[in-house]
Amino acid sequence: MKNKSQTAKHFEEIARHEEKINILVRFPPGKMKIEETTEQLIYIKRRSVAKLTYVRDMKAEELGKILVFIEENHGRYENKKQLIELLITNFSSITGRKPQKAAKKIVTNFLITLNALELLDSNAQLSIYGKKLSRYFRMDVQKYKDYLGWLVLSKGGWIVILTELDELYKSHYFIKSKDELFQLLCEKLQQNGYIKGRWNLTDIFSWLTYLNILKQWDRITKIHQIDWKRVYGLLRDKALA
Numbered sequence: 001m002k003n004k005s006q007t008a009k010h011f012e013e014i015a016r017h018e019e020k021i022n023i024l025v026r027f028p029p030g031k032m033k034i035e036e037t038t039e040q041l042i043y044i045k046r047r048s049v050a051k052l053t054y055v056r057d058m059k060a061e062e063l064g065k066i067l068v069f070i071e072e073n074h075g076r077y078e079n080k081k082q083l084i085e086l087l088i089t090n091f092s093s094i095t096g097r098k099p100q101k102a103a104k105k106i107v108t109n110f111l112i113t114l115n116a117l118e119l120l121d122s123n124a125q126l127s128i129y130g131k132k133l134s135r136y137f138r139m140d141v142q143k144y145k146d147y148l149g150w151l152v153l154s155k156g157g158w159i160v161i162l163t164e165l166d167e168l169y170k171s172h173y174f175i176k177s178k179d180e181l182f183q184l185l186c187e188k189l190q191q192n193g194y195i196k197g198r199w200n201l202t203d204i205f206s207w208l209t210y211l212n213i214l215k216q217w218d219r220i221t222k223i224h225q226i227d228w229k230r231v232y233g234l235l236r237d238k239a240l241a
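So the sequence shown is residues 1 to 241, counted in this note's numbering.
Accuracy of the hints is not assured; some may be wrong.
What the hints assert, rightly or not - BS3-like, lysine-lysine: derived pairs with alpha carbons at most 30 Å apart:
1. 59 - 81
2. 176 - 222
3. 65 - 132
4. 229 - 215
5. 59 - 196
6. 222 - 188
7. 188 - 215
8. 176 - 215
9. 131 - 59
10. 59 - 229
11. 105 - 65
12. 104 - 176
13. 178 - 196
14. 105 - 188
15. 155 - 188
16. 105 - 196
17. 131 - 80
18. 98 - 178
19. 81 - 196
20. 229 - 65
21. 59 - 104
22. 104 - 65
23. 170 - 105
24. 178 - 65
25. 155 - 132
26. 98 - 81
27. 81 - 155
28. 170 - 104
29. 59 - 176
Hints are computed from structural coordinates only; laboratory data are not their basis.
The task is simple: from the sequences and hints, build the whole structure.
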């Protein structure tokens, strides 16, 4: 491998101008290593985050439907409380799910996620990010996946989940099941101060798989392989920022 490959230079550029992608990227001292293969090994170190975005009771596709609904109903509500009531009333038509008693709690979780990803402004209207993501959902599914992928990695802090997951794979020879994987990952996130309490990671991993950041669960190797090449591409794409 060349001493200074073009790929290595790209990574050095990120390290010098980390604000461009809104995450902290550093290389371990003396351990600069870029493998020029289809599965590039990259060092993306954890950024300092106060709180990771938690997703519960919502599919990645449902997020797009919710954004479109909010955009189409601009002017029908004035604040967050009225928006919640509007979403509860139209819960079934938006999500396609049957009406349920837990709709209020689920819609509240919707709003928590939307706010965490900065998709809503202070008046509970779609922000610039929300409008852009809504447009992509209606017009181009791949662009929707790319933009949402960039949002959860940079604004949602999920790059932390990936780096912790990667370290978990390297430190455990064999993981028996997906449940054990989630338990071990939760423990790591707790130990490093990223979360409090035990999270249900099912929906987060479902999102990451839908966004093609994680590969489908391999029942033989018992892992969700991380597509680092896609992660690198999303964080470097200036059109998404």
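Now for the hints, and whether the structure bears them out:
no.	hint	result
1	59 - 81	holds (23 Å)
2	176 - 222	holds (7 Å)
3	65 - 132	holds (13 Å)
4	229 - 215	holds (12 Å)
5	59 - 196	holds (23 Å)
6	222 - 188	holds (18 Å)
7	188 - 215	holds (21 Å)
8	176 - 215	holds (18 Å)
9	131 - 59	holds (19 Å)
10	59 - 229	holds (24 Å)
11	105 - 65	holds (18 Å)
12	104 - 176	violated (36 Å)
13	178 - 196	holds (21 Å)
14	105 - 188	holds (28 Å)
15	155 - 188	holds (21 Å)
16	105 - 196	holds (20 Å)
17	131 - 80	holds (17 Å)
18	98 - 178	holds (28 Å)
19	81 - 196	holds (27 Å)
20	229 - 65	holds (28 Å)
21	59 - 104	holds (17 Å)
22	104 - 65	holds (17 Å)
23	170 - 105	violated (37 Å)
24	178 - 65	holds (29 Å)
25	155 - 132	holds (15 Å)
26	98 - 81	holds (23 Å)
27	81 - 155	holds (24 Å)
28	170 - 104	violated (41 Å)
29	59 - 176	holds (26 Å)
Taken one by one, the earlier hints fail for this structure at numbers 12, 23, 28, listed in ascending order.
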